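A.B. asks: From just these sequences and the hints, can you work out the full model?
Take a look at the letters that make up each chain.
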Amino acid sequence: MSDEPLILAFCCHYCAYAAADLAGSMRLQYPGNVRVLRLPCTGKLEVNFVMAAFERGVDGVIVAGCLEGGCHFLEGNLRARKRVERARQLLAEIGLEPERLEMFNLSSAEGTRFAEIATTMVERVKRLGKNPLRPEPKRIEHGIQEMSRQAEAMLAGEKR
Amino acid sequence: MIVADRKKIPEIRDMIKDHRRVLLVGCGTCVTVCLAGGERETGILGSALRMALRLAGRGDVAVDECTIERQCEDAFIDLLAPRVSGYDAICSLGCGAGVQALAERFPGMPVYPGLNTQFMGILES
Numbered sequence: 001m002s003d004e005p006l007i008l009a010f011c012c013h014y015c016a017y018a019a020a021d022l023a024g025s026m027r028l029q030y031p032g033n034v035r036v037l038r039l040p041c042t043g044k045l046e047v048n049f050v051m052a053a054f055e056r057g058v059d060g061v062i063v064a065g066c067l068e069g070g071c072h073f074l075e076g077n078l079r080a081r082k083r084v085e086r087a088r089q090l091l092a093e094i095g096l097e098p099e100r101l102e103m104f105n106l107s108s109a110e111g112t113r114f115a116e117i118a119t120t121m122v123e124r125v126k127r128l129g130k131n132p133l134r135p136e137p138k139r140i141e142h143g144i145q146e147m148s149r150q151a152e153a154m155l156a157g158e159k160r
Numbered sequence: 001m002i003v004a005d006r007k008k009i010p011e012i013r014d015m016i017k018d019h020r021r022v023l024l025v026g027c028g029t030c031v032t033v034c035l036a037g038g039e040r041e042t043g044i045l046g047s048a049l050r051m052a053l054r055l056a057g058r059g060d061v062a063v064d065e066c067t068i069e070r071q072c073e074d075a076f077i078d079l080l081a082p083r084v085s086g087y088d089a090i091c092s093l094g095c096g097a098g099v100q101a102l103a104e105r106f107p108g109m110p111v112y113p114g115l116n117t118q119f120m121g122i123l124e125s
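Taken in sequence, the protein lines are chains D and P.
Residue 160, in this note's numbering, is where the first sequence stops; the numbers in between run on with no holes.
Residue 125, in this note's numbering, is where the second sequence stops; the numbers in between run on with no holes.
Among the clues, some could well be false.
Unchecked claim - In silico DSS-like links for lysine-lysine, alpha-carbon gap of 27 Å or less:
#1 44(D) x 82(D)
#2 82(D) x 130(D)
#3 130(D) x 8(P)
#4 82(D) x 8(P)
#5 82(D) x 17(P)
#6 17(P) x 7(P)
#7 17(P) x 44(D)
Quick caveat, the hints were computed from the structure, so don't treat them as lab data.
All values derive from a computational prediction rather than experimental measurement.
C.D. replies: In structure tokens:
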């Protein structure tokens with residue numbers, strides 16, 4: 001992992017994910033630090049998911065859902081907003097900047113806006129600095145090696 | 001049912017920071033309904049405490065979570081007994097009755113309250 005910030009974007013299948021897809025189709029440029037994670041609706045987002053991301057060293061989290069009143073499941077995005085607010089309060093209590101987490105509402109036609117959101121968040125996180133909980137690159141490498149060793153051992157067991 | 005609120009994270013962190021292995025124990029009854037100490041809240045608090053401890057330079061403190069159906073009944077606390085032996089402190093996310101019941105069942109093990117028990121009430125909506 002380099003010194004570049006890592007942003008995780010929880011995107012609703014019906015809007016933000018389609019907008020991200022559109023941004024790609026439109027050949028729009030936005031930072032490659034954003035990893036998109038598709039949810040069936042932002043209402044599926046749990047505070048746990050956000051906390052787990054920060055605990056593992058992610059520098060910023062975007063939650064992108066449908067426009068208010070336009071949720072495919074009626075009120076999933078409104079629930080997500082409440083959960084994001086709760087997670088922000090928790091981050092402040094812990095001592096992490098709540099600005100690292102933000103919810104955005106956009107429609108599937110807003111590819112340009114998705115690119116803008118990604119750029120804004122990357123710039124914001126760069127200003128805040130990296131997540132102090134981010135593991136050292138050596139530790140990550142060690143973890144990856146350990147996982148691959150375990151996988152090889154499992155495969156060897158299956159072959160016997 | 002009993003209604004409780006979670007203590008602030010820095011307060012819980014300071015209570016447990018001198019231990020090596022801490023078990024967060026949630027309760028699946030009243031405090032689950034008032035969104036203070038159920039399985040989900042125990043998971044969230046566990047994650048938050050691990051982060052708070054690491055930020056305070058106490059990343060060596062291991063915090064694990066589990067939730068039992070009811071902390072105020074011995075039959076359910078017994079299910080927890082095999083797990084508790086590997087820890088040197090418990091942080092209970094049950095109401096006052098749950099904390100007392102755990103302390104009585106595991107003498108010699110420090111049991112810290114993670115919630116502030118507020119009142120006994122009825123859910124109206």
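A.B. asks: Hint by hint, note whether the structure agrees.
C.D. replies: Evaluated hints:
1. 44(D) x 82(D): holds, 12 Å
2. 82(D) x 130(D): Distance of about 26 Å is within 27 Å: holds.
3. 130(D) x 8(P): holds, 25 Å
4. 82(D) x 8(P): Satisfied, since the Cα-Cα distance of roughly 19 Å is no more than 27 Å.
5. 82(D) x 17(P): violated, 30 Å
6. 17(P) x 7(P): holds, 15 Å
7. 17(P) x 44(D): The given pair, whose Cα atoms are some 33 Å apart, is violated under the 27 Å limit.
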